[in-house]
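Which chain is which? The protein sequence lines are A and B, in order. Read in order, the letters of the first sequence are residues 1 to 254 in our numbering. Read in order, the letters of the second sequence are residues 1 to 337 in our numbering.
Hints may contain errors.
Stated by the list, open to error - With a Cα cut of at most 20 angstroms, we get these calculated EDC-like pairs of lysine to aspartate or glutamate:
(1) B:Lys-77 to A:Glu-44
(2) A:Lys-110 to A:Glu-94
(3) B:Lys-140 to A:Asp-104
(4) B:Lys-244 to A:Asp-127
(5) A:Lys-128 to B:Asp-233
(6) A:Lys-92 to A:Asp-104
(7) A:Lys-110 to B:Glu-42
(8) B:Lys-77 to A:Asp-37
(9) B:Lys-105 to B:Glu-42
(10) A:Lys-110 to A:Glu-181
(11) B:Lys-69 to A:Asp-78
(12) B:Lys-74 to A:Asp-37
(13) B:Lys-69 to A:Glu-44
(14) B:Lys-74 to A:Asp-78
What the hints assert, rightly or not - Quick look at which bits of chain A chain B covers, simulated, 3 or more residues with Cβ under 8 angstroms:
(15) 24 to 37
(16) 54 to 65
(17) 168 to 178
(18) 182 to 193
Unchecked claim - Computed Cβ-Cβ distance ranges for the label pairs, DEER-style:
(19) B:Gln-37 to A:Asp-104: 38 to 44 angstroms
(20) A:Pro-2 to B:His-2: 20 to 26 angstroms
(21) A:Pro-159 to B:Thr-238: 27 to 33 angstroms
Since the hints were derived computationally from the structure, they do not count as laboratory data. Where is the CB? At the ideal position from N, CA and C, for every residue including glycine.
Spelled out, the chains give:
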Amino acid sequence: MPQYALVIDLNTCVGCHACATNCKEWNTQAAFGPLSDYDPYGREASGVWYNRIFTYETGEFPETQVFHLPKSCLHCQDAPCVPVCPTGASYKREQDGIVLVNYDDCIGCKLCSWACPYGCREFDEADKVMKKCTLCIDRIYDETLPPEHRQPACVLTCPARARFFGDIEDPNSEVYKLIKERNGFVLFPDMGTNPANHYLPRQETRINLEEFEKHILKPDNPLFLEVMRRHHTSSKAQAQETPQEEVTHSEELP
Amino acid sequence: MHPPISLIFFFLTAGTSIGLFIFTYFIEFLTLFGKGQGLPKEVVLVSGVISLILIGAGAIGASFHLGHKLRAWKAIKRFNTSWLSREAVFSGAYGFTLLIYLVLKYFEVSPFLEHTFGIITWILGILSGFSTAMIYASNKFVLEWNTGITVIYYLLMYLMLGSSAFTIISYFYNLPYTGTFLFLTFLFVLLGLGFRIAFNVRQFYIKRPTLNEALNLPHNRSIRVIDKSSTTDNYCTTEFYYAKGKQMLPTFIPLAYLFTFVIPLFLLIYIYVTDVVNLPLLVLIYLSILAGSAIERWCFFVEGNHVQNLFYGLYPEEGYKLRKGYMERKETRISIY
Chain A
1 MPQYALVIDL
11 NTCVGCHACA
21 TNCKEWNTQA
31 AFGPLSDYDP
41 YGREASGVWY
51 NRIFTYETGE
61 FPETQVFHLP
71 KSCLHCQDAP
81 CVPVCPTGAS
91 YKREQDGIVL
101 VNYDDCIGCK
111 LCSWACPYGC
121 REFDEADKVM
131 KKCTLCIDRI
141 YDETLPPEHR
151 QPACVLTCPA
161 RARFFGDIED
171 PNSEVYKLIK
181 ERNGFVLFPD
191 MGTNPANHYL
201 PRQETRINLE
211 EFEKHILKPD
221 NPLFLEVMRR
231 HHTSSKAQAQ
241 ETPQEEVTHS
251 EELP
Chain B
1 MHPPISLIFF
11 FLTAGTSIGL
21 FIFTYFIEFL
31 TLFGKGQGLP
41 KEVVLVSGVI
51 SLILIGAGAI
61 GASFHLGHKL
71 RAWKAIKRFN
81 TSWLSREAVF
91 SGAYGFTLLI
101 YLVLKYFEVS
111 PFLEHTFGII
121 TWILGILSGF
131 STAMIYASNK
141 FVLEWNTGIT
151 VIYYLLMYLM
161 LGSSAFTIIS
171 YFYNLPYTGT
181 FLFLTFLFVL
191 LGLGFRIAFN
201 VRQFYIKRPT
211 LNEALNLPHN
221 RSIRVIDKSS
231 TTDNYCTTEF
241 YYAKGKQMLP
251 TFIPLAYLFT
261 FVIPLFLLIY
271 IYVTDVVNLP
281 LLVLIYLSIL
291 AGSAIERWCF
301 FVEGNHVQNL
311 FYGLYPEEGY
321 KLRKGYMERK
331 ETRISIY
């Protein structure tokens with residue numbers, strides 16, 4: 001059975017909130033909107049968002065790392081929000097595994113949000129129904145769009161290309177390969193929800209400076225003269241500082 | 001968790017309604033086996049009408065926590081999987097069959113039909129209470145609620161409300177059951193107290209998940225929330241973490257114990273010792289249980305910690321701890337960076 005999902009690369013996500021902003025933008029005007037805003041110009045502005053970006057810091061100072069975690073509905077394969085819904089408004093589509101809410105049937109009892117361990121459902125105070133990420137189902141099946149645009153708004157907008165969309169059950173898909181090759185993981189694996197959205201773990205990054213220098217110090221590089229000038233200036237300054245240091249050291253010696 | 005006032009109201013009305021009918025019909029039911037004389041028709045009708053009004057008021061009151069009240073009837077659709085759906089079906093059916101039972105009783109059409117509907121209503125009442133309790137007990141993401149203790153003491157509180165209410169009726173109509181129901185109230189209050197203590201003690205020993213488990217990180221890596229996406233509260237933080245309630249909880253839990261269990265037990269012991277029974281005293285017992293139950297329900301919601309709070313750094317890191325031989329809630333450490 002196909003299971004459409006997002007795969008998010010935590011190495012490249014820079015926490016710019018572009019995905020969340022474009023998600024809000026698209027879904028406010030499109031078929032599953034509007035995503036209401038409460039007191040948008042006031043001090044306590046808040047509203048409904050399908051996608052929220054959390055930032056965490058791990059490790060102890062000075063060896064700390066910061067990473068950003070975009071979190072929208074994970075479209076769980078055993079979605080706990082579906083069976084608890086008393087009206088059947090919450091449902092999982094068999095053809096693509098996307099979990100949706102039928103706004104016409106939703107009574108706004110909030111039980112689905114109680115049943116979601118990820119906090120990915122939000123109650124819209126204006127429409128009085130529960131809302132959640134739809135994986136931009138109104139985009140991905142829209143045949144009037146060019147094929148390369150039939151993707152969720154967050155994937156298209158991500159400037160760091162940290163987000164990927166596809167069928168995680170299809171071995172030929174990009175997302176399937178990414179999960180397999182880069183050990184994609186899920187949130188809260190012990191909760192028995194089997195989330196479809198995966199995250200690609202942080203990897204140690206090494207920059208080969210020799211390669212960098214070879215590239216930057218080529219004579220046809222427009223920055224070549226600038227680099228050479230700086231290099232020349234710094235070596236000159238170093239040469240001037242060296243005797244002073246020696247004097248200082250000699251004075252300090254007993 | 002944020003306590004919905006309408007659900008607390010439903011608990012009090014449905015609890016008294018179902019509890020009252022359970023005892024009213026049980027005395028009638030015993031006559032089938034030649035035990036007892038049953039109740040006078042007037043008492044059954046008065047008790048039944050009170051139950052009917054209360055369950056009706058409860059159903060209307062409970063709908064106030066819904067976004068779309070007029071669509072509430074749709075809640076019957078997922079009976080196979082949803083405890084909320086089962087609660088809606090059983091509560092509605094309980095009210096409906098109770099009405100039929102009262103009509104049959106009033107017109108005295110047929111004892112067979114009367115008892116048939118009486119038994120059905122009795123069972124539906126218990127199933128309704130059980131389903132409501134299971135909505136909380138089956139939620140495995142609020143660990144404080146996810147236990148059989150929740151169901152048992154939920155039903156015991158229905159019985160406490162019902163037996164104390166029936167004692168008033170029994171005394172008012174000068175029935176020979178006052179002594180029995182004073183004992184039953186004492187028994188249920190005592191059992192309720194035991195299970196409430198068990199519920200609170202259990203919270204000290206729950207193995208709580210950590211943010212590392214939520215983010216699928218190694219357990220030995222320290223982790224801190226440094227940004228939670230928005231500068232103001234959102235649905236997830238207000239619904240699943242009631243900050244003001246958490247501050248008031250140390251005051252309200254003792255109050256809940258005092259009104260629900262301590263004062264009624266004290267008054268019941270006073271009645272046993274002095275052998276003085278009067279209407280104001282019995283009303284006081286019922287009102288104390290009623291007020292205590294309202295506070296207890298409020299505490300029950302606020303005590304619940306949803307695991308999604310982990311992502312916001314709003315989950316108790318160390319939870320509760322037993323110290324100095326008595327229960328004391330350890331200060332909950334909340335880390336928001």
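Structure-based check of each hint:
1. Restraint check for B:Lys-77 and A:Glu-44: the C-alpha separation of about 38 angstroms exceeds 20 angstroms, so the hint is violated.
2. Taken as a hint, the A:Lys-110 and A:Glu-94 pair is broken in the structure, with Cα atoms around 24 angstroms apart against an allowance of 20 angstroms.
3. Of the supplied pair hints, the one linking B:Lys-140 and A:Asp-104 is violated, its CA atoms being roughly 28 angstroms apart against a limit of 20 angstroms.
4. A distance of roughly 27 angstroms separates the Cα atoms of B:Lys-244 and A:Asp-127; the hinted pair therefore is violated under the 20 angstroms criterion.
5. The suggested pairing of A:Lys-128 with B:Asp-233 holds, with an alpha-carbon distance near 18 angstroms, which does not exceed 20 angstroms.
6. Proposed proximity of A:Lys-92 and A:Asp-104 is supported: the alpha carbons are some 16 angstroms apart, at most 20 angstroms.
7. Of the pairs offered as hints, the one joining A:Lys-110 and B:Glu-42 is violated, with about 42 angstroms between alpha carbons and a cut-off of 20 angstroms exceeded.
8. Annotation: proposed proximity of B:Lys-77 to A:Asp-37 is violated, straight-line Cα distance about 31 angstroms (limit 20 angstroms).
9. For the hint pairing B:Lys-105 with B:Glu-42, the CA-to-CA distance comes to about 10 angstroms; that is within 20 angstroms, so the pair holds.
10. Distance restraint check for A:Lys-110 and A:Glu-181: the Cα-Cα separation of roughly 38 angstroms exceeds the 20 angstroms cut-off, and the hinted pair is therefore not satisfied.
11. Simply put, B:Lys-69 and A:Asp-78 have alpha-carbon atoms about 29 angstroms apart, too far for the 20 angstroms limit, and the pair is violated.
12. Proximity of B:Lys-74 to A:Asp-37 is assessed by CA-CA distance (about 28 angstroms); at most 20 angstroms being required, the pair is judged violated.
13. The hinted pair formed by B:Lys-69 and A:Glu-44 fails the criterion: a straight-line CA distance of about 28 angstroms is larger than 20 angstroms.
14. Distance hint between B:Lys-74 and A:Asp-78 is unfulfilled; the C-alpha atoms sit about 24 angstroms from each other, more than 20 angstroms.
15. A count of 0 residues in the region 24 to 37 of chain A with a Cβ less than 8 angstroms from any Cβ of chain B is obtained; the coverage claim is therefore unmet, three being the minimum.
16. Three residues within the 8 angstroms Cβ limit are the bar, and the region 54 to 65 of chain A against chain B gives 7, so the coverage statement holds.
17. Check on the region 168 to 178 of chain A: 0 of its residues sit with their Cβ under 8 angstroms from a Cβ of chain B, so the three-residue criterion for coverage is violated.
18. For the region 182 to 193 of chain A, the proposed coverage by chain B is satisfied: 7 residues have a C-beta within less than 8 angstroms of a C-beta in that chain, meeting the threshold of three.
19. In this structure the hint that B:Gln-37 and A:Asp-104 lie 38 to 44 angstroms apart at CB is violated, the actual value being about 55 angstroms.
20. In this structure, A:Pro-2 and B:His-2 break the distance hint of 20 to 26 angstroms, their C-beta atoms being roughly 38 angstroms apart.
21. For the pair A:Pro-159 and B:Thr-238, the supplied restraint of 27 to 33 angstroms holds, since their beta-carbon distance comes to about 32 angstroms.
Figure legend: structure checked against the earlier numbered hints; hints not met, in rising order: 1, 2, 3, 4, 7, 8, 10, 11, 12, 13, 14, 15, 17, 19, 20.
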